[in-house]
Amino acid sequence: AQKVTQAQTEISVVEKEDVTLDCVYETRDTTYYLFWYKQPPSGELVFLIRRNSFDEQNEISGRYSWNFQKSTSSFNFTITASQVVDSAVYFCALSEKGTNAGKSTFGDGTTLTVKP
Amino acid sequence: KAGVTQTPRYLIKTRGQQVTLSCSPISGHRSVSWYQQTPGQGLQFLFEYFSETQRNKGNFPGRFSGRQFSNSRSEMNVSTLELGDSALYLCASSSTGHNSPLHFGNGTRLTVT
Numbered sequence: 001a002q003k004v005t006q007a008q009t010e011i012s013v014v015e016k017e018d019v020t021l022d023c024v025y026e027t028r029d030t031t032y033y034l035f036w037y038k039q040p041p042s043g044e045l046v047f048l049i050r051r052n053s054f055d056e057q058n059e060i061s062g063r064y065s066w067n068f069q070k071s072t073s074s075f076n077f078t079i080t081a082s083q084v085v086d087s088a089v090y091f092c093a094l095s096e097k098g099t100n101a102g103k104s105t106f107g108d109g110t111t112l113t114v115k116p
Numbered sequence: 117k118a119g120v121t122q123t124p125r126y127l128i129k130t131r132g133q134q135v136t137l138s139c140s141p142i143s144g145h146r147s148v149s150w151y152q153q154t155p156g157q158g159l160q161f162l163f164e165y166f167s168e169t170q171r172n173k174g175n176f177p178g179r180f181s182g183r184q185f186s187n188s189r190s191e192m193n194v195s196t197l198e199l200g201d202s203a204l205y206l207c208a209s210s211s212t213g214h215n216s217p218l219h220f221g222n223g224t225r226l227t228v229t
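Residue numbers (this note's numbering), protein chains in the order written: chain X, 1 to 116; chain R, 117 to 229.
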């Protein structure tokens with residue numbers, strides 16, 4: 001069975017600090033996909049990034065970066081120089097090739113608060 | 117391109133009643149998934165429809181059902197409502213690929229009294 005663990009329930013930082021959100025996953029499939037979503041106070045989840053199990057290359061997009069390590073089954077998300085607008089709940093999700101992304105398993109989410 | 121549209125945004129129902137929620141996916145997306153979000157359980161997968169067929173189903177009782185129409189619009193029905201059904205119900209659409217990201221609507225907030 002697939003499982004996603006986000007051990008950090010809440011994180012609070014001051015603006016301009018860097019912050020890393022942890023995600024650990026479990027799956028028996030050799031082909032799977034990992035996602036990060038952001039849920040701002042408005043409520044709508046927004047897709048941030050997708051990574052497949054064969055691509056361990058880290059990715060950077062502006063202030064956001066993702067570190068995927070199969071050896072530790074982790075897919076961590078770092079925000080550099082955080083801003084108040086980054087305040088949201090962040091979800092890590094996993095889908096297996098055997099099913100599809102329509103059936104994703106989500107972690108419990110990490111609530112990030114960035115204070116001015 | 118219009119996003120995923122869910123109606124209504126808010127619903128208040130009484131125990132024992134039934135409710136129908138509606139979801140219009142992004143144009144061209146054939147997969148529609150439903151999730152229940154609660155503070156205690158997080159995001160739980162309900163079911164997924166693709167081309168009018170249920171393709172995946174989560175671990176919810178039979179009181180939860182859904183369907184998809186030929187235009188990919190989807191409805192979710194909950195019968196014999198219980199207090200524990202109070203939640204935010206999220207609809208998400210995606211294109212056909214199994215690695216496609218989900219595009220979520222704003223959700224329907226259901227309160228059962």
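For the record, the hints were derived by calculation from the structure and aren't laboratory data.
It should be emphasised that the depicted structure is a prediction, and the values quoted were computed from it without experimental measurement.
Glycine included, every Cβ here is placed at the ideal spot set by N, Cα and C.
Certain hints may be false.
As the list claims (entries may be wrong) - With the Cβ distance kept under 7 Å, some of the chain X side facing chain R (calculated, not the full set):
id: 1; residue: G43
id: 2; residue: L45
id: 3; residue: R50
id: 4; residue: D108
Stated by the list, open to error - Below, a list of computed lysine-lysine pairs in the PhoX-like style, where the Cα atoms sit at most 20 Å apart:
id: 5; chain 1: X; residue 1: K97; chain 2: R; residue 2: K173
id: 6; chain 1: X; residue 1: K115; chain 2: X; residue 2: K3
id: 7; chain 1: X; residue 1: K3; chain 2: R; residue 2: K129
id: 8; chain 1: X; residue 1: K3; chain 2: X; residue 2: K38
As the list claims (entries may be wrong) - Across the chosen pairs, the derived CB separations fall in these ranges:
id: 9; chain 1: R; residue 1: G178; chain 2: X; residue 2: K3; range: 41 to 49 Å
id: 10; chain 1: R; residue 1: S195; chain 2: X; residue 2: R28; range: 28 to 36 Å
id: 11; chain 1: R; residue 1: R146; chain 2: X; residue 2: E56; range: 27 to 35 Å
id: 12; chain 1: X; residue 1: K16; chain 2: R; residue 2: T136; range: 42 to 50 Å
id: 13; chain 1: X; residue 1: T78; chain 2: R; residue 2: N187; range: 35 to 43 Å
id: 14; chain 1: X; residue 1: D29; chain 2: R; residue 2: S186; range: 27 to 35 Å
id: 15; chain 1: R; residue 1: E168; chain 2: X; residue 2: D55; range: 28 to 36 Å
id: 16; chain 1: R; residue 1: T130; chain 2: X; residue 2: D18; range: 42 to 50 Å
id: 17; chain 1: R; residue 1: T130; chain 2: X; residue 2: K70; range: 33 to 41 Å
id: 18; chain 1: X; residue 1: D18; chain 2: R; residue 2: T229; range: 29 to 37 Å
id: 19; chain 1: R; residue 1: S167; chain 2: X; residue 2: N52; range: 21 to 29 Å
id: 20; chain 1: X; residue 1: K16; chain 2: R; residue 2: S186; range: 49 to 57 Å
Cross-check of the supplied hints:
Look at X:G43: its Cβ gets to within about 6 Å of chain R, closer than 7 Å, so that hint holds up. For X:L45, the interface hint holds, since its Cβ comes within 7 Å of a Cβ in chain R; the closest pair sits about 4 Å apart. For X:R50, the shortest C-beta to C-beta distance to chain R is roughly 5 Å, which falls under 7 Å, so the interface hint holds. Given the 7 Å rule on beta carbons, the hint for X:D108 holds: about 4 Å separates it from the nearest Cβ of chain R.
A hinted pair counts as satisfied when its Cα atoms are at most 20 Å apart, and X:K97 with R:K173 qualifies at roughly 16 Å. Straight-line distance between C-alpha atoms of X:K115 and X:K3 comes to about 31 Å, which puts the hinted pair past the 20 Å bound. Simply put, X:K3 and R:K129 have alpha-carbon atoms about 33 Å apart, too far for the 20 Å limit, and the pair is violated. With a C-alpha separation of about 19 Å, the suggested pairing of X:K3 with X:K38 holds against the 20 Å cut-off.
Roughly 25 Å separates the CB atoms of R:G178 and X:K3, a value that falls outside the hinted 41 to 49 Å. Checked against the given bound of 28 to 36 Å, the beta carbons of R:S195 and X:R28, roughly 35 Å apart, stay inside it. Between R:R146 and X:E56 the CB atoms are about 31 Å apart, so this pair conforms to the stated range of 27 to 35 Å. For the hinted restraint 42 to 50 Å between X:K16 and R:T136, the CB-CB distance of approximately 47 Å keeps it satisfied.
With their beta carbons about 41 Å apart, X:T78 and R:N187 fall inside the hinted range of 35 to 43 Å. Look at X:D29 against R:S186: about 32 Å separates their beta carbons, and that is inside 27 to 35 Å. Under the hint 28 to 36 Å, the C-beta atoms of R:E168 and X:D55, about 33 Å apart, fit the expected range. Between R:T130 and X:D18 the Cβ separation comes to about 49 Å, which falls inside the hinted range of 42 to 50 Å.
Remark: the range hint 33 to 41 Å for R:T130 to X:K70 is contradicted by a beta-carbon distance near 50 Å. With their beta carbons about 45 Å apart, X:D18 and R:T229 fall outside the hinted range of 29 to 37 Å. At roughly 24 Å, the beta carbons of R:S167 and X:N52 sit within the given window of 21 to 29 Å. For X:K16 and R:S186, the Cβ-Cβ distance of about 51 Å falls inside the hinted range of 49 to 57 Å, so the restraint holds.
Taken one by one, the earlier hints fail for this structure at numbers 6, 7, 9, 17, 18, listed in ascending order.
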